[in-house]
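So the sequence lines, in the order shown, correspond to chains X and U.
Everything in the first sequence is counted per the working numbering, starting at 1 for the first residue and increasing by one.
Everything in the second sequence is counted per the working numbering, starting at 1 for the first residue and increasing by one.
Calculated from the structure, these hints are not laboratory results.
The structure displayed is predicted, hence computed values, not measured ones.
It is possible that part of the hints are untrue.
Stated by the list, open to error - As a list, the in silico DMTMM-like pairs of lysine to aspartate or glutamate whose alpha-carbon atoms are at most 25 Å apart:
| id | chain 1 | residue 1 | chain 2 | residue 2 |
| --- | --- | --- | --- | --- |
| 1 | U | K196 | X | D73 |
| 2 | X | K54 | U | D203 |
| 3 | X | K54 | U | D185 |
| 4 | U | K204 | X | E58 |
| 5 | U | K167 | X | E58 |
| 6 | U | K150 | X | E131 |
| 7 | U | K206 | X | D80 |
| 8 | U | K46 | U | D326 |
| 9 | U | K184 | X | E109 |
| 10 | U | K184 | X | D73 |
| 11 | U | K548 | U | D534 |
| 12 | U | K184 | U | E159 |
| 13 | X | K54 | U | E193 |
| 14 | U | K196 | X | E58 |
| 15 | U | K126 | X | D230 |
| 16 | X | K54 | U | D198 |
| 17 | U | K184 | X | E49 |
| 18 | U | K184 | X | E245 |
| 19 | U | K150 | X | D255 |
| 20 | U | K150 | X | D222 |
| 21 | U | K206 | X | E79 |
| 22 | X | K54 | U | D208 |
Unchecked claim - Over 10 Å on every C-beta distance to chain X, these chain U residues come out as not near it, computed from the model:
| id | residue |
| --- | --- |
| 23 | V130 |
| 24 | R239 |
| 25 | F356 |
| 26 | R399 |
| 27 | E421 |
| 28 | A442 |
| 29 | L451 |
| 30 | E463 |
| 31 | L469 |
| 32 | D519 |
| 33 | L560 |
| 34 | E654 |
| 35 | L680 |
| 36 | P755 |
For each residue, glycine too, the CB sits at the ideal point set by N, CA and C.
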Amino acid sequence: MRTPTRRASVQVRRIVVAADASAPGRAALDAAIRLAQRLEAELEGLYVEDINLKRLAELPVAREFRFAGAARDAAAIAEDLRNEAMRLRRAFEEAASRARVQASFRVAEGQIEHGILAEGGAADLLVIGLERRRSLVPTRIAATTAAIASRPMVLYDGSEGSARALALASRLAADDAGALTVVIRAATEAEALKLRRDAARILAERDHGARFRSAVRPSLFDLCRAVTADGASALVIASDDELLEGGGFRQLLDDLMCPVIVVR
Amino acid sequence: MAPTRPLDPDKLYRKLDPASLPFKTTEELETLSDAFGQQRAVEAVKFGIGIRRDGYNMFALGPTGMGKHNFIRRHIEAHATKEPVPSDWCYVNNFSEPHKPKVLRLPAGFGMRFRDEMARLVDDVKSAIVGTFESEQYRARREAIENELKERHEQAFNEVQNHAQEKNISLIRTPMGLGLAPTKDGEVLPPEEFRKLDQTRQDKIKADIASLEGELANVMRQAPNWQREFRDRIRALNREVTESAVRHPIDELRHRYQEMTQVLPYLTEVQEDIIENADEILAAQQPEAEGQQQPSQMQVGLRRTLQGPPVLRRYQVNVVVDHRGDAGAPVVYEDNPTYVNLAGRSEQMAMFGALFTDFNLIKPGALHRANGGYLILDARKVLLQPYAWEELKRALRSRDIRIESLAENLGWSTTVTLQPEPIPLSVKVVLIGDRMLYYLLAQADPDFSELFKVAIDFEDRIERDGDNLPLYARLLGTIVKQESMRPLDATAVARVVEHASRLAGDNEKLTAHIRSIADLLREADYWAHQAGRDTVTRADVQQAIDAKRYRADRIQVDSLEQITQGTVLIDTAGAKVGQVNGLSVMQIGELMFGRPTRITARIRLGRGEVVDIEREVALGGPLHSKGVLILSGFLGQRFGEAHPLALSVSLVFEQSYGGVDGDSASSTELYCILSALSDLPIKQSLAVTGSVNQRGDVQAIGGVNEKIEGYFDVCRAQGLTGDQGVMIPASNVRHLMLREDVVAACAAGKFHIYPVESIDQGIEILTGVEAGTLGPDGKWTEGSVNARAAARLAEFAERARRFGPAGADRKEDTT
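Throw the hints in and build the complete structure from the sequences for me.
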C-alpha cells in the first residue's frame with residue numbers, strides 16, 4: 001500500500017473519453033461532456049478500432065454469426081466498425097456543441113486496452129465506456145445517460161493517486177447530489193480503519209459524506225463483484241493503482257458494466 | 001207560472017264572519033304539519049308505500065300548485081326514516097375483462113371504509129414490493145439465476161472456443177455477434193499473413209472454420225431457449241417474492257372482510273394481479289431509477305390526469321353509493337331527470353387526442369342513490385328528456401340499473417365502452433304530474449299501468465265546513481310562518497277563505513290549490529308592508545286581489561271600452577225580437593272575465609233546420625254545435641209533433657270572430673228563437689246564460705261569477721237603470737261568489753240575478769209574457785209565448801205545403 005497523503009487537489013485540464021457506440025459508451029460520452037463543462041476542461045473523444053476485428057473483417061475465410069439474424073461474411077464487420085465510429089463521432093460532436101465544450105474526436109487502431117491507455121496517456125481524466133467484449137454472451141444494458149455521478153464508487157488505499165481519485169469522486173457526487181461509496185483497500189483491518197479516517201477527513205474538507213466499505217487485500221474479481229452488487233454508476237480509480245497492472249485494466253473493462261474513470 | 005224573484009244578496013256571496021274565528025291573528029295558531037282534505041291522497045300514499053310488490057309505483061296527479069311535491073315528500077320521508085339503510089355499492093376492476101367492471105355490495109357505510117383500506121393496502125404493497133425487490137436476498141437469488149444462465153452460456157460458447165483454439169482458431173465478439181478467425185500468438189492472423197500461407201493450409205483453416213460453424217450454430221440455436229428459461233425462472237422468483245410480500249397485508253384485509261362474501265374473491269383476484277404485475281408496479285415507483293428511461297411527456301401527463309400511475313388505478317375502489325352516516329332509506333328527488341342523471345354514466349377523459357375511461361370514471365345516477373328507498377320525479381320532465389322514460393321503465397321492469405352508453409345503444413358510436421355489471425334495483429318511484437298526463441299515459445303507454453298502479457289523486461277543492469275551516473286557517477298561518485310573513489288578522493283570514501271559495505268556483509268549497517293561496521298571502525303581506533302595518537288585514541287581502549286583477553285586465557278593459565264606445569253593439573235597455581244578450585267567458589293567462597255577446601236568430605220558411613252560423617264557418621266548436629242540436633231537438637219535440645217544422649233558423653253570435661265553444665249559450669239561443677217565432681221582444685236589460693236539454697231544463701254552466709260581473713260592468717258603464725240583471729241556471733246558485741260591488745248593487749235593487757230552472761220560466765222573465773202550457777186539446781194557453789210560436793210554425797207549415805217540394809213558384813218568407 002502507498003504512503004498516505006493529507007490533502008489532495010484535482011486539477012483537470014484535459015479529459016479523454018474512450019467509448020464505443022454501446023449504451024455504456026454513450027453514458028461515458030455524456031458524463032465526460034458534463035465533466036468537461038463543469039471543470040472547464042478540454043475534451044477529446046477517442047474511438048479505438050479493435051485491431052482483431054479489423055483483421056477479422058479482412059480475412060477471406062472469416063464469418064460472423066449474429067445473435068439476431070443470419071450469418072454473414074466478415075467483410076460486413078468493417079462496415080459495422082466504420083458506421084460505429086461515424087455514429088460515435090456524430091453523437092459526440094453534437095453533444096459537445098450543445099454543451100459548448102471545446103472538443104475534438106479521433107479514431108485510433110489497436111488492442112482496446114493498450115490503445116486506450118496509450119492514446120489517453122496525457123489526459124488528467126480518462127473516462128471509459130465500452131461494452132463488455134470478453135464475454136461471448138450478449139448482455140442487455142440499459143442506457144444511463146445522466147446517472148454516472150448518481151452512485152460513484154471510488155477506490156482508496158491511502159496513496160496520493162487514490163486521494164486525487166477520492167477528491168474527484170467526491171466532487172462528482174457532490175455536484176449531482178449523488179451517493180458516494182468509498183472502498184478502503186488495506187492490508188489489514190487496522191490499516192483499513194486508519195485509512196477510513198483519512199478518507200473521512202478528506203471528504204469532510206469538502207463537506208461531503210460517503211458510505212464506506214472496507215476490503216482487506218481484495219482481488220480485482222472481488223472489486224468487480226462489489227461494483228456490480230452495489231449498482232455503482234461509475235468506478236473511479238487512480239491511474240497508478242496496481243490493480244490496473246498486468247491485465248487488470250483489461251479485466252475491469254471486460255467485467256464491469258459501468259463506465260470507468262481513471263484519474264491521473 | 002209565478003213570477004221569478006231575483007236572488008237575495010246573501011245568496012250572491014257567502015261571507016265568513018271574522019268574529020266567528022276563535023283567534024285574533026294567525027300567530028296564535030298551531031302550525032299545520034300535514035295536509036288536510038286530501039284523505040284519498042293520504043290513503044293512496046300509505047298504500048303505495050306499504051305494499052311491496054312489483055309495479056306498485058305511484059303517480060301523484062293533480063294541477064300544479066297543489067303542493068303535491070311537499071305532500072309526497074313529507075309522507076315518504078316520515079316513513080323512510082323507519083326503514084333500514086340500504087347497502088353501499090362499489091365498482092371495482094374486472095381483471096379478466098377490464099371493460100366489464102364488477103360491482104361489490106357492502107353493508108351501509110362500508111363502501112368508503114373499504115375504499116380507504118384498499119388504498120392503504122396498495123401503499124403497503126408498493127412499499128413491500130419495492131423493499132422486497134431491493135433486498136439483498138432477492139438480489140442474491142436473482143444474481144444466482146443470472147450467473148447460472150451466464151455460466152451456461154459461457155460454458156457452451158467456451159466449449160466451441162476450446163475446440164476452435166485446438167485448431168488455432170478463435171471465437172471473437174463482434175458488434176453484432178461472434179466471428180471465427182485463425183489466430184497466431186493469441187491475436188487474429190493478419191490477412192497478409194494468411195495470404196502467404198500455402199493453399200493446403202488455407203483450405204484446412206477454411207474447413208476447420210466450417211466445422212466450427214456447425215457447433216456455433218447449435219449453441220446459438222439454444223440461446224433463445226436459455227433466455228426463455230431465464231425469464232421463466234426470474235418470473236417464478238418474482239412471483240414467489242411478491243406473493244410473500246403481499247400475503248400478509250391482503251390476509252389482514254381478508255380477515256376484516258371475511259363476512260362479506262363478494263369481497264373475498266375480489267381480494268384473491270387483486271392478490272393474483274399484483275403478483276402478475278409486480279414489475280409494472282415496481283417500475284411505477286421508480287420512474288427515474290438507474291437503468292430506466294425518463295418517462296415520456298405522455299406518461300407524465302397520463303399520471304397527472306389519472307392521479308397516479310395507471311397500473312395502480314386497477315386496485316382502486318369506486319364507491320358509487322355511500323350511506324355512511326345515513327339513517328333510514330334514501331328519499332331522492334331528481335330535478336333534472338335526463339337519461340344519464342337517472343341511470344348514471346361512464347365518463348371519459350380526453351388525453352392526447354384519445355378518450356380514456358375505466359371503472360373509476362363510473363358515476364352514479366338518481367336510481368343508484370335512491371336504490372333501496374324512494375325516487376321522486378316530475379313526470380313531465382321525465383317525458384321531455386330523450387329516452388329517460390324508456391330507461392326508467394326498463395329499470396323498473398328488469399329490476400336492475402345498467403350504465404350503458406346511449407350513443408352506443410342507438411348505434412351512433414362504435415367505440416369500445418364500459419359495460420359495468422348491472423346493480424340490482426329495489427326502489428319505489430313516485431311520479432308527479434297533472435291529470436291529463438296521467439290519463440294520456442294510462443291510455444297510450446301499455447307499460448304505464450303495469451308499473452304505476454297507485455294513483456294518488458289530489459282533491460282540487462275541499463269542503464268549506466266547520467271541520468275544515470279551522471284547519472284552513474292553520475294552513476294560512478303555517479304558510480306565513482314558513483315564509484316569515486306578517487300574520488293575518490281574523491278579517492284577513494275571512495277574506496282569504498272567501499276568495500278560496502271564489503277560486504274553487506263554489507261557495508261551499510275551498511280551493512286546494514296551495515300555490516294560489518300562498519301567492520295571495522305574499523301579495524297581501526306586501527300591501528300590508530306598503531301600508532306600514534304589522535298585521536295583514538282584510539283591506540290588504542282585497543288590495544292584493546284587486547291589484548292582481550288590475551295588472552292583468554288590460555284586455556278586459558279594452559273589451560269593455562269597445563262596448564261602451566259602441567264599436568261592439570250591446571243593448572242594455574229596451575226590447576228586441578230575436579235578439580238576446582248572451583254571456584261568454586274569456587281566459588287569457590290567469591285572468592278570466594265575462595263579456596256579453598249579442599245573439600240573434602232569424603227565421604224563414606225552410607225544412608226544419610237550425611243553421612248555426614258559427615259552425616258553418618268553422619268558428620263553432622263541437623260542444624257549441626251539440627248545444628244547437630239539442631235546442632233543435634227541443635223545438636222539434638215541442639212544436640214538431642202536429643206538423644213538420646217548416647222553418648229555417650239561423651243563429652249567430654254577432655261581432656264574434658274568434659271562435660265559440662261550449663253549450664252555455666244554448667238556452668240563450670233558444671230564447672232567441674222563441675222570441676223570433678212568437679214575435680215577442682226580449683228585454684235587452686237582461687243577459688242570459690245557461691245550457692238547455694231537450695226537455696227544456698236549464699242546466700248549469702261554468703264561469704257564472706265572471707259572466708255576471710262582465711255584464712254588470714257593461715251595465716254600470718252605460719248607467720244602471722234598476723232593470724238590468726242576469727238570468728242564470730238555478731243549479732249555479734251555489735257557485736256564486738260575486739264581487740262586492742255587484743252584491744251591493746243587487747242589495748240596492750239596481751241589479752238582479754234570476755235563477756231559472758226551465759226555458760218556460762226564462763222566456764216569461766225575458767218577454768214578460770206567460771210561457772203557456774199545452775192543454776189536453778193540444779193547444780197552448782192562448783196568447784202565450786208557446787201559442788204564438790206554435791201558430792207561427794203552423795203558418796209556415798201551411799205555406800210550405802202550398803209550395804210543395806217540387807213547386808216552381810215557391811217563395812221564401814223571411815221575418
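- Does X/D73 lie within 25 Å of U/K184 when you go C-alpha to C-alpha? This hinted pair holds, its Cα atoms lying about 21 Å apart.
- Would you check the hint for X/K54 and U/E193, treating anything up to 25 Å between C-alpha atoms as holding? The given pair, whose Cα atoms are some 14 Å apart, holds under the 25 Å limit.
- Message: Given the hinted pair U/K150 and X/D222, is their Cα-Cα distance within 25 Å?
- Response: 18 Å, holds
- Message: U/K167 and X/E58 were given as a pair; does the straight-line alpha-carbon distance stay at or below 25 Å?
- Response: This hinted pair holds, its Cα atoms lying about 20 Å apart.
- 25 Å limit on alpha-carbon distance, applied to hinted pair X/K54 and U/D198: 23 Å, holds
- Item | Pairwise hint evaluation, U/E159 against U/K184, where the allowed Cα distance is 25 Å at most | Holds, at roughly 19 Å.
- Message: Just want to verify: U/F356 was marked as not at the interface with chain X; is every Cβ pair farther apart than 10 Å?
- Response: 28 Å, holds
- Holds or violated: U/K150 to X/D255, with C-alpha atoms at most 25 Å apart: Holds. U/K150 to X/D255 sits at ~13 Å (cutoff 25 Å).
- Query: Is the straight-line distance between the alpha-carbon of X/K54 and that of U/D185 25 Å or less?
  - Reply: 17 Å, holds
- Message: U/K206 and X/D80 were given as a pair; does the straight-line alpha-carbon distance stay at or below 25 Å?
- Response: 23 Å, holds
- Keeping to a limit of 25 Å between CA atoms, is the pair of U/K196 and X/E58 held or broken? With a Cα-Cα distance of about 14 Å, the restraint between U/K196 and X/E58 holds, given a limit of 25 Å.
- Could you check that no beta carbon of chain X comes within 10 Å of the beta carbon of U/A442? 73 Å, holds
Checked against the numbered hints given earlier, this structure breaks none of them.
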